[in-house]
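Asks: Position chain B relative to chain A; hints supplied.
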Amino acid sequence: MIGIFDYGAGNLRSVENTLDSIGVRYEIVTDEEGLRRASKVILPGVGHFGQLIHSLDALEVRTAFCELIREGVPFLGICLGMQALFEKSEEAPDLDGLSIYPGVVRRFDSTARVPHMGWNELELEGRPRLLGDVGEHPYVYFAHSYYVPTEIAGKRTAALCNYGIDYVAAIEYQNVFGVQFHPEKSGVLGQKVMRNFLAAESLVVKS
Amino acid sequence: MLAKRIIPCLDVTDGRVVKGVNFVALRDAGDPVELADIYNRDGADELVFLDITASSDHRETMIHVVEDTARKVFIPLTVGGGIRSITDARTVLTVGADKVSINTAAIERPGLITEISEEFGAQATVLAIDARRSKPGVWNVFTYGGRNDTGIDVLEWAQRGEDLGAGEILLTSMDCDGVQEGFDCDLTRTVSRNTRIPIIASGGGGHPEDFVRVLTDGEADAALAASIFHYGTHTIDDLKNVLNKAGVPVRMRC
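So the sequences go chain by chain: A and B.
First residue of the first sequence? That's 1 in the working numbering, and the numbers climb one at a time after it.
First residue of the second sequence? That's 208 in the working numbering, and the numbers climb one at a time after it.
If you're looking for bench data, these hints aren't it; they were derived computationally from the structure.
Because the structure is a prediction, the values reported are computed rather than measured.
Keep in mind that a hint or two might mislead.
[Claimed, not checked] Chain A is faced by these chain B residues, among others (derived, beta-carbon under 8 Å):
#, residue
1, D252
2, A277
3, L300
4, D428
5, A429
Just so you know, even glycine gets a beta-carbon here, dropped at the ideal spot from N, CA and C.
Here chain A stands alone, though its shape is the one from the complex (with noise of 0.2 Å):
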């Protein structure tokens, strides 16, 4: 079963929208068993960094999150739902992220209009499974004021994107996934980001 997660404040209608449109059945899991019964979990997440946190201990689910994503379980974050992967951001500096990966996620400074919104290009790193069959610089769609920057990312960097700095617009790493763009508001591209997803396997050898 595929879950999306629902934490109560993300807008999950056009992530379900967009795996409608290529026939993917899925589920939308609000807590702790549903999480256990997925075969590949979906975190999509807008707003304040803060919020989902909160939101996550709430529904008392940062063990189970940490504990799929150890043993192999596919995942995919979106936007926020990639941020929550590390220790820290800058919008909530008190809290602690998913801590799955060290390193802070931090604010665009103040040279650049913000939020970073709109259509830029991707810089693939290598040849991730994610992106695959996307061409060599798609655009794609973004809508954020904090980034992953590259050096917390390091070699789990799948695509770089520019916006006044090179920062972090995808990682790749083992059955993990995350994407700072909006696959399910990228078009064509988009729901081939999804597909992609949904074909990869975990990579992680099972002890």
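Replies: Below, chain B without anything else, positioned relative to chain A:
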């Protein structure tokens, strides 16, 4: 590089597009969902639905339009017109809109900007401003579809809107709107230079060169228009070719 956005606007009343549409063989010329899909295929970067329904009895119809469009068209959708509360905003966002645009309601109760921004994020909060030049280099903010002069200076209101949490400004020049003789580049440049959020220029786009000008000299991040696309004078694809040749970064149709 971040592309400059081209945004067709569809004025909808009682579930029908009202401005004339005669550029393609539509099965039904007034169907907003069908038109949205055509614009999407033609390379629109986003779509704005403006609900100009006079009576609140028909608001349900707009919800269905948004819901049906979001099922077919996978680009950002903004809904404006009649959003007066956090509940109104939630209703359209829940059925698949990505942003709401607020205008008169924000002037009357500026806290609404903050409420929407805190609940749904700045990226979902568009402040629409209708401006009319009062003297050279000075513009006043109008409400109620341009009928009421608030006496408020456009720069003051744009900056306040940004501080209150707006993530974008949809800036319409009432002097240029409907005339198709070019955007008010002085207006967009002035607001753009004095704010740090994206500016969508609106009002006056009649020729591809107008779009080139407002996205370069006018320093706008996006341009919105209705008639130029509805009447088929130029397709979005044509327009983007002109922009591309002029060196304006745009997302070409794929």
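Asks: Indicate, hint by hint, whether the structure satisfies it.
Replies: Evaluation of the provided hints:
Of the supplied interface hints, the one on B/D252 holds, with its beta-carbon coming within about 6 Å of a beta-carbon of chain A, less than 8 Å. Because the closest C-beta pair between B/A277 and chain A is about 6 Å apart, less than 8 Å, the hint holds. With a cut of 8 Å, the hint placing B/L300 at the interface with chain A holds, because the nearest CB-to-CB distance is about 5 Å. Look at B/D428: its Cβ gets to within about 7 Å of chain A, closer than 8 Å, so that hint holds up.
With a least beta-carbon distance of about 7 Å to chain A, the hint placing B/A429 at the interface is held under the 8 Å criterion.
In this structure, every one of the numbered hints holds.
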